[in-house]
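Let chain B serve as the given structure and place chain Z on it in line with the hints.
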Amino acid sequence: MLDDFMTRAALAGVGVAFAAAPLGCFVVWRRMAYFGDATAHAAMLGVALSLAMQISIVAGTVMVVLVMAVAVNLLTWRGYAMDTVLGVLAHSALAFGLVAVSFLSGFRIDLMAYLFGDILAVSPGDLLVIWGGAALVVTLIASRWSALLTSTLNEELAYAGGLDPRREQMILTLCMAVTVAVAIKVVGVLLIAAMLIIPAAAARNLARTPEAMAMIAAAIGGVSAVAGLRAAYVLDAPAGPSIVCVAALLFAGLGIVGWRNHRGT
Amino acid sequence: MTLISIENLSVRYGANTVLRHVGLTVKPGEIVTIVGPNGSGKTTLFRAIIGATEPAAGQIRLKPGIRIGYVPQRLHIDPTLPITVERFMRLAERVRRRDCVAALDAAGIPDLMKRQMSKLSSGQFQRVLLARALINRPEILLLDEATQGLDQPGSAAFYRQIETVRADTGCAVLMISHELHVVMSASDRVVCLNGHVCCEGTPAVVASAPEYRALFGTGTGGALALYRHDHDHDHNHDQLHGQESVE
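Respectively, the protein sequence lines represent chains B and Z. All residue numbers for the first sequence refer to this note's numbering, where the first residue is 1 and numbers rise by one. All residue numbers for the second sequence refer to this note's numbering, where the first residue is 1 and numbers rise by one.
Hints in this document: simulated from the structure, not taken from any laboratory. Be a bit skeptical, because a hint or two may be false.
Claimed, not checked - Here are the simulated distance ranges between beta carbons:
(1) B:Phe5 x Z:Ile66: 55 to 63 Å
(2) Z:Gly14 x B:Val257: 46 to 54 Å
(3) Z:Pro64 x B:Ile256: 34 to 42 Å
(4) Z:Val101 x B:Phe5: 49 to 57 Å
To be verified - Just a sample of chain B residues kept apart from chain Z, beta carbon distances all over 10 Å, derived:
(5) Tyr80
(6) Val99
(7) Val101
(8) Ile141
(9) Gly161
(10) Val226
(11) Ile256
It should be emphasised that the depicted structure is a prediction, and the values quoted were computed from it without experimental measurement. Don't be surprised by glycine CBs; every beta carbon is placed ideally from N, CA and C.
Isolated chain B (complex conformation) (with noise of 0.2 Å):
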């Protein structure tokens, strides 16, 4: 079965956007989205960082990222605003990355290959780490759900009853990080976030709770996955770019019907 090269990607476009799902959530919820945006962009550097290296391009993109995340916290905390830390180190990251592939001679570099990702790819080893890496996340996001969510809703809230805030933060950070190294395969460093951001984004208008929000941004994510797949099969089109074209649709669809029921039509 997994012989096809279709299969494979639906497969993996599925995987990312289990992950993705209950991250996404909270990106969303914390408010976030620049920092998923940011942290993808960086991913750029740790691509180039393992091409010139030789290591697996997973690792050198978690390690990148995580030390993005964490330069991120300390030039906050000497007093810089979020949004321009964030447009500093990500855009330089991302510069410095494209500069250092170019420089990269002895191999033949697809460049789109990494920024608009190669589904169609995707080969059984790259699944193998997809769905590791989809696995760690959710399990980590799932282990500690309560504790996320109450760091998210109130950091005052969350010492009281015991927990630190800052691990919870650390927690996500993780997540970021492995989430966005293994989708750069399936969507490219330009469009992570969008994967992050646009289901959560599409589940609020059908939730209730945070729990379902989670549940249905995975649903939506995953349909994107297939449907853009499908899509881009039928007219020709770029893998990654249609699979958030259909999420960003289910999103503007979703919206209306959230819109029509609030006003009790």
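Then chain Z, alone, in the frame of chain B:
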């Protein structure tokens, strides 16, 4: 047997000393109210007690394994986060549905379980926060300006409920009041904070005096009282005088 014992506590934010040499103890069943101007370190004191802020000096001792019920000053729930009252009440692990129903009943808001938190009025919201804080049978309640946003009958009703809770469960209450002089009449002690403890005393119940009745209205049922300050020292009120000279 004290629940909270604070000795010589100092807290600094960078070069700014917010609290210096603060001492405070809370015993079981006591109601202690903290008053003080803006920026006097009331919320910082609370943050230090729950461990959200590291002390620069001094000690905070909590009774080992103490159960704290915390009602934050402001709880903003992002509109993108859907959450029902029931789900909010059961955020902590191992909260039974039965206890949740009972807590909302006791708070006088029995029919709100399925409502979205974002659809509650501010009075209902405060009551849900209090009900949530009470659900694990805390030994001490920390209330940070919990009546902010409520009108005077609303805060009087809220205070009466706190009194009932204390009478029923015997839990201690440490609360920050957002007014300098008007406090809950059931307070055993009032502590005036301004970077350090300025003075401490009991509130004067003024329910009978007509001028105060005019001030508090008649609908508060004796829930509010006045705290007459008795400062025995002077401050160097540079900032205050600076503002006055501008005017």
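**Prompt:** Looking at the structure, which of the earlier hints fail to hold?
**Reply:** 3 and 9
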